[in-house]
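Quick mapping for you: the protein sequence lines, in order, are chains W and E. Per my numbering, residue 1 is the first one in the first sequence, and the count goes up by one each step. Per my numbering, residue 85 is the first one in the second sequence, and the count goes up by one each step.
Calculated from the structure, these hints are not laboratory results. You may find that some hints are simply not true.
The following label-pair restraints were derived from C-beta to C-beta distances [claimed, not checked]: (1) E:Leu232 <-> W:Gln32: 52 to 62 Å; (2) W:Gly35 <-> E:Arg251: 25 to 35 Å; (3) E:Ile234 <-> W:Ala75: 46 to 56 Å; (4) E:Leu232 <-> W:Glu64: 51 to 61 Å; (5) W:Glu28 <-> E:Leu243: 28 to 38 Å.
Incomplete in silico selection of chain E near chain W, CB under 8 Å [said to hold, decoys possible]: (6) Pro205; (7) Ile208; (8) Val212; (9) Arg289; (10) Arg294; (11) Leu352.
These numbers come from a predicted model, not from an experiment. We put the CB at the ideal spot given by N, CA and C, even for glycine.
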Amino acid sequence: MERGTAVRAVVRVLAPYIGDTMARSATEAHCQRLGISGERVTPEQLDGLLAKLGSGLNVFIGREKSATVIDEARAALASLEAAS
Amino acid sequence: MSGRWRGGPLPWVALGLAALVYCGWALAPTSPLYARALTPHLLVGAAAILKLVYLLSGALWAFACRDRLEPGNPARPAWALLSIGLLATFAGQLSLAPFQIVRNESPFPSVGDLYYVLAYPFLIAAFVVFLRAYREAGLPMGSAGEQLAILAGVAALALAAGIPILRPVVASEGTLLERLLNVAYPVLDLILLVPLALLLRVALRLRGGRVGSVWALLLGGMIFLCLGDISFAYFTALGQEHLDPLVHVTYILAYGLISGGTHRQHELLRS
Numbered sequence: 001m002e003r004g005t006a007v008r009a010v011v012r013v014l015a016p017y018i019g020d021t022m023a024r025s026a027t028e029a030h031c032q033r034l035g036i037s038g039e040r041v042t043p044e045q046l047d048g049l050l051a052k053l054g055s056g057l058n059v060f061i062g063r064e065k066s067a068t069v070i071d072e073a074r075a076a077l078a079s080l081e082a083a084s
Numbered sequence: 085m086s087g088r089w090r091g092g093p094l095p096w097v098a099l100g101l102a103a104l105v106y107c108g109w110a111l112a113p114t115s116p117l118y119a120r121a122l123t124p125h126l127l128v129g130a131a132a133i134l135k136l137v138y139l140l141s142g143a144l145w146a147f148a149c150r151d152r153l154e155p156g157n158p159a160r161p162a163w164a165l166l167s168i169g170l171l172a173t174f175a176g177q178l179s180l181a182p183f184q185i186v187r188n189e190s191p192f193p194s195v196g197d198l199y200y201v202l203a204y205p206f207l208i209a210a211f212v213v214f215l216r217a218y219r220e221a222g223l224p225m226g227s228a229g230e231q232l233a234i235l236a237g238v239a240a241l242a243l244a245a246g247i248p249i250l251r252p253v254v255a256s257e258g259t260l261l262e263r264l265l266n267v268a269y270p271v272l273d274l275i276l277l278v279p280l281a282l283l284l285r286v287a288l289r290l291r292g293g294r295v296g297s298v299w300a301l302l303l304g305g306m307i308f309l310c311l312g313d314i315s316f317a318y319f320t321a322l323g324q325e326h327l328d329p330l331v332h333v334t335y336i337l338a339y340g341l342i343s344g345g346t347h348r349q350h351e352l353l354r355s
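Just chain W, same shape as in the assembly (with noise of 0.2 Å):
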C-alpha cells in the first residue's frame, strides 16, 4: 500500500481522540522509527505501527478502547487496500 494514503488512514481514525496534529506527528515518528520510509508500505510494517500507535493510545484511553480504535484503523487499511 502507498505510504501516504495508509498514513493519512489511519490518522483520521485517531484524530477525534487526539488530535489531528498529535495523530499526525505520533504516526510520522512511529514510521521514522520502524524505519517505514519509502513510498510503499507492507502488511507486516502496518501491524508494527498500529502496534506501536495502540500502546500509545493506551495511555489516553486504556487498554479494551484502544484496541477498539486500532482495530477500526486496521479495517479501514483492509478498506483501502480491497478497494486497490
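Since the structure of chain W is already known, use the hints to place chain E on it.
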C-alpha cells in the same frame, strides 16, 4: 466550552454564571444586588459549597479514571495521585466550610492549610507521572532542547512574576506561620507550573481531539488554581480583603474546570 458533562451544557452554564456573580461582587460590592440579595455571607457560603462539590466530584472521577485503566497502564498511578491531591484539597475546604457558611469567616492559618499544602506533592507527582507515561508511550514530547527552553521560560516567568509578588508577602506584618504559608503557596504553584508547562506542549498537540479537551480543562483549572493561590497570598499580605471575591472566582473556576476535565476523561474511558 461545549458541554459533554452529564446534563448537557447546564453545569458549564452554572460555572459561568457563578464566575459572573463573583466578578460582579468584586466590581460592584455596594450595588443593591450585593447589598440586599446576594450578601457577602451568602456568597462566601455558596462559594464554599460549590468548591466542595467540584473538589469531591473531581476526586471521585479521577479515581474512577484510575479504576477504568488496566493495571500496568502507566497513566493509572497519575489519575490516583490526582485524585488524592483533589481529596486533600477537599479536606482543606471541608475544614474551612463551617466557618464560611456559619460565620462568614475564612480563618487563616487554619487546619485546612495542612491539607492544602499536603495536596501539592500529590498534584505535582501526578503531572510528573503523566509526563513520564506519555514519554514511555512513545508520544512526541519534543526534543531535549525544546523541553529545556520551556523550563527556562517557566524559570524566567517565575523570577519575573514571583519576586514582585513575594516581596510584599515576605515583608507583611502577619505571624511567621502566615508569612510562611503565603510564601509556600505561590512557590509550590511555581513548582507545579514546571510539569504543567511541559504538559501544555503535549496538550496543544492534542487539540481537536477528545483527549485534548480533557487536558484543556485540567490545565486551565490548574492555571486558575495557581492564580488563586498567588492572588490570595498577595491580597492577604497587602490587606486587600475587598478583593476576596476575585480569589473566590479563581478557585471556583479552577475546581470547576478540573472537575469537568476528570469527568470528561471518565466519559471517554467509559464510551
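Hints, verified against the model:
no. : hint                             : result
1   : E:Leu232 <-> W:Gln32: 52 to 62 Å : 22 Å, violated
2   : W:Gly35 <-> E:Arg251: 25 to 35 Å : 56 Å, violated
3   : E:Ile234 <-> W:Ala75: 46 to 56 Å : 38 Å, violated
4   : E:Leu232 <-> W:Glu64: 51 to 61 Å : 37 Å, violated
5   : W:Glu28 <-> E:Leu243: 28 to 38 Å : 37 Å, holds
6   : Pro205                           : 22 Å, violated
7   : Ile208                           : 19 Å, violated
8   : Val212                           : 14 Å, violated
9   : Arg289                           : 4 Å, holds
10  : Arg294                           : 6 Å, holds
11  : Leu352                           : 6 Å, holds
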